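Residue numbers (this note's numbering), protein chains in the order written: chain A, 1 to 256; chain B, 1 to 222.
Everything labelled a hint here was simulated from the structure, so no lab data went into it.
Computed from a predicted model, the values in this text were never measured in an experiment.
Heads up, the beta-carbon is just placed ideally off N, CA and C, and yes, glycines get one too.
Please note: incorrect hints may appear among the correct ones.
Said to hold, decoys possible - One-sided excerpt, in silico: chain B residues whose CB lies under 8 Å from chain A:
#1 Ser16
#2 Val88
#3 Asn92
#4 Arg96
#5 Ala108
#6 Arg138
#7 Glu140
Unchecked claim - Derived DEER-like restraints, expressed as beta-carbon distance ranges:
#8 A/Ala144 / B/Arg189: 53 to 59 Å
#9 A/Phe26 / B/Arg189: 29 to 35 Å
#10 B/Phe203 / A/Ala144: 39 to 45 Å
#11 A/Thr6 / B/Val159: 34 to 40 Å
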Amino acid sequence: MGASPTTLRLTLHVWRQASRDLPGAFEVHHLEGISVDMSFLEMLDVLNEGLTSQGREPFCFDHDCREGICGMCSLVINGQVHGPDQEITTCQLHMRHFADGDTIVVEPFRARALPVVRDLVVDRSAFDRIIAEGGYISTDAGSAPEGNALPISTAAADEAMDAAACIGCAGCVAACPNASAMLFTAAKVSHLAQLPQGEPERERRVLAMVERMDREGFGGCTNERECQAACPKGISVAHIARLNREFLRSSVLGRS
Amino acid sequence: MGRCHVLIWLRRTFGSSIGSKALMACTGLVLIGFLFAHLGGNLLLFADADGAAFDAYATALEHSPLLPLAEAGLALLFCAHIVLGVRVQRANREARETAYRVRRTHGARTPGSRTMVATGLVILLFLVAHLYDFRLCRPEGDSLALIVRERLASPSGLVLYGAGVLALGLHLTHALRSALHTLGLHHPRYEALVDRASFLLGFVLGLAFLSFPLVFFLGGAA
């Protein structure tokens, strides 16, 4: 049995698009000597350094913390959002998941509501506008209260915390066959709907956020659960069921 | 609440993605109930050799004063389900204008969920043919049981009805779990149970309806 190679030769098909209004196309690049210990973004750094040294334009791609918590990286790698591993962001994906001689297709997230700004960078401000419709509480929370002053059951606190783990990377939209933003919106609604701080604006919040989500041009949920499977934070589709429940309850029985 | 407010509320609620899917889920669930009633009636075809039981049931149904109401209700349910389905699908297609060059599932999709639109279209075509065969263009006065058996015993009947009910079965494997989720009915404890029940519903109803063309084709109309 031969030892696994420590470096890789790769063929990359990377999306190149000069601006939002211009058509894009795939460019083919060959890389050698890529360490299996590199992260995927480090591999792209190597590609960009090579391009820059040749006087060519590097590829634009989003990144920030590079430790899986900021939600900035946003690539579709060989048809899978954030690559082939489970519950990780692109920056946490390592090249050991690929084999020597592999061809890797790198694309931006594809959705009408997340237009490509340049190369692999998409405009995710639609998420900001959804949040601006109610993904917050309006009360002045002041400094942190005494831990037991506000009774919240452990189950509610845990579920709210699970929902709050959403980093807004938009991987759910990219993975959804319908480019739906239901998991993102659901996580935000579900997070606040379970806590007493979110209660006063509960009805208005869900109605306004869903209306904005629809207006942004995202698709609808057909319950295929690809979003949950692709989510780097493992956000459950149970939150989508809660969003549906909150929306229907607020629409039919709500006072607003 | 004034009339204008009601219209605004209706538009805001059922014009939204969640509201229209909730309506679609409700119509779908009622249609599943209809399928069980339809299957119950059809099983009378196996009750005797000459089809007397099925003909008696059909005659009673045709003479029922509630039949026009039931037919109108069913037509409304089917139309609403289809129109909402087309609307949702159109919005979903528009939501991704540029397709991925490579598309690989993350493992959550099922054959039923992948093919909901395709199976829905096959069911729609099958429904038109089915109504044409046994409701709109059947000869007056003949035994309905005999007409059904002759139609299903033919090769074209086997292909048409076989394809139609297989599409229906596949559609149903995703339908129940999707409808319940859309209506907000979800609990982690029952999630796996609902998934299995949805698969079983599609499998059992598909197989049960498939038994009619299979039995009559293999055994002949007599």
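Now the hints, each set against the structure:
| no. | hint | result |
| --- | --- | --- |
| 1 | Ser16 | 6 Å, holds |
| 2 | Val88 | 5 Å, holds |
| 3 | Asn92 | 4 Å, holds |
| 4 | Arg96 | 4 Å, holds |
| 5 | Ala108 | 4 Å, holds |
| 6 | Arg138 | 37 Å, violated |
| 7 | Glu140 | 44 Å, violated |
| 8 | A/Ala144 / B/Arg189: 53 to 59 Å | 34 Å, violated |
| 9 | A/Phe26 / B/Arg189: 29 to 35 Å | 46 Å, violated |
| 10 | B/Phe203 / A/Ala144: 39 to 45 Å | 54 Å, violated |
| 11 | A/Thr6 / B/Val159: 34 to 40 Å | 58 Å, violated |
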